[in-house]
Amino acid sequence: MSPTYQEGMALFSKLEKGDEHMMTIWRMIRDLSLQELNKMYQRLGVHFTHILSESEYHNRTQEILERLSQKDLLLYDSDGVGYVETEIKGVGRATVVKSDGSSLYLTRDIASALDRQEKFSFDHVHYVVEQGQKAHFIKLVSILQKLGVPWANSSIDDIHVRFGRVNGMSTREGNVVFLRDVLDEARTRVRDTMLKKTCELKFLI
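Residue numbers (full-length UniProt numbering): 1 to 205.
If you're looking for bench data, these hints aren't it; they were derived computationally from the structure.
Each residue gets a CB set at the ideal place from its N, CA and C atoms; glycine is no exception.
One should not assume that every hint holds.
List of simulated lysine to aspartate or glutamate pairs, DMTMM-like, C-alpha gap at most 20 Å [what the hints assert, rightly or not]:
id	residue 1	residue 2
1	Lys98	Glu54
2	Lys146	Glu63
3	Lys39	Asp181
4	Lys98	Glu118
5	Lys17	Asp109
6	Lys98	Asp72
7	Lys98	Asp19
Computed beta-carbon distance windows for the label pairs [claimed, not checked]:
id	residue 1	residue 2	range
8	Arg116	Asn175	30 to 36 Å
9	Cys199	Asp31	42 to 48 Å
10	Asp72	Leu11	32 to 38 Å
11	Tyr76	Asp184	46 to 52 Å
12	Gly8	Tyr76	33 to 39 Å
13	Arg93	Asp192	16 to 22 Å
14	Gly18	Leu44	22 to 28 Å
15	Cys199	Met23	39 to 45 Å
16	Gly148	Met194	40 to 46 Å
17	Asp184	Met23	32 to 38 Å
18	Asp79	Asn38	38 to 44 Å
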């Protein structure tokens, strides 16, 4: 592992353990992200009754690990990595805790799913997420089934509503196209088309 990767892992571990400096930086980044997202939601006329983020559940991951352990679902390999066997062909095991004790996105997703089930007692859940996350949701649903969550027995195609990935874009590589730019471009093209049609109509009259 590169020094940069190791440093990143160490900082993430601090964040999970509640380091106040790291928490302050995280809150600042989260708030800025939400501000920008809310601008786009307003522009699209989208309104939510509840907004819950996966990152809010970092302090409940130990509870999830204990729950998995009580049901004899939590296993550890020789490196100290904790996982659950999905018993699904082509999927393999689902890692839920790193060797340093840090949780993963999957662990926090389990925590959020259980919390929302307790709060809302819904019959069906739909995750609208791009198709590249299919394996993630197969693992998530498999674990939730083992934990006895009723809606997890639905078809994975019903639970995970997939949409296509935009090819050639990567936030890590910095070659993304932002939604606001797409909306601006669409508005400009529609306006130009309307002006052109108006001019053509005037010429015909």
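Hint check:
A hinted pair counts as satisfied when its Cα atoms are at most 20 Å apart, and Lys98 with Glu54 qualifies at roughly 18 Å. Restraint check for Lys146 and Glu63: satisfied, since their Cα atoms lie roughly 16 Å apart, inside the 20 Å limit. For the given pair, Lys39 sits about 13 Å from Asp181 by alpha-carbon distance, which is consistent with the 20 Å threshold. This hinted pair does not check out: Lys98 and Glu118 have alpha carbons roughly 27 Å apart, beyond 20 Å.
Pair hint Lys17 plus Asp109 holds up; C-alpha atoms about 18 Å apart against a cutoff of 20 Å. For the given pair, Lys98 sits about 18 Å from Asp72 by alpha-carbon distance, which is consistent with the 20 Å threshold. Proposed proximity of Lys98 and Asp19 is supported: the alpha carbons are some 18 Å apart, at most 20 Å. The given range of 30 to 36 Å is respected by Arg116 and Asn175, whose C-beta atoms sit roughly 34 Å from each other.
As the Cβ distance of Cys199 to Asp31 is approximately 46 Å, the hint placing it in 42 to 48 Å holds. Range check, Asp72 to Leu11: about 33 Å between beta-carbon atoms, so the 32 to 38 Å window is met. Between Tyr76 and Asp184, the C-beta spacing of about 51 Å keeps the proposed range 46 to 52 Å intact. Against the hinted window of 33 to 39 Å, the Cβ-Cβ separation of Gly8 and Tyr76 comes to about 23 Å, which falls outside the hint.
As the Cβ distance of Arg93 to Asp192 is approximately 54 Å, the hint placing it in 16 to 22 Å is violated. Checked against the hint of 22 to 28 Å, the C-beta distance between Gly18 and Leu44 comes to roughly 35 Å, which is inconsistent with it. The hinted window of 39 to 45 Å between Cys199 and Met23 is violated, with their beta carbons roughly 57 Å apart. About 56 Å separates the C-beta atoms of Gly148 and Met194, a value inconsistent with the hinted range of 40 to 46 Å.
Between Asp184 and Met23 the CB atoms are about 35 Å apart, so this pair conforms to the stated range of 32 to 38 Å. Here the CB-CB span from Asp79 to Asn38 is close to 42 Å, well matched to the stated 38 to 44 Å.
Hints 4, 12, 13, 14, 15 and 16 from the earlier list are contradicted by this structure; the remaining hints agree with it.
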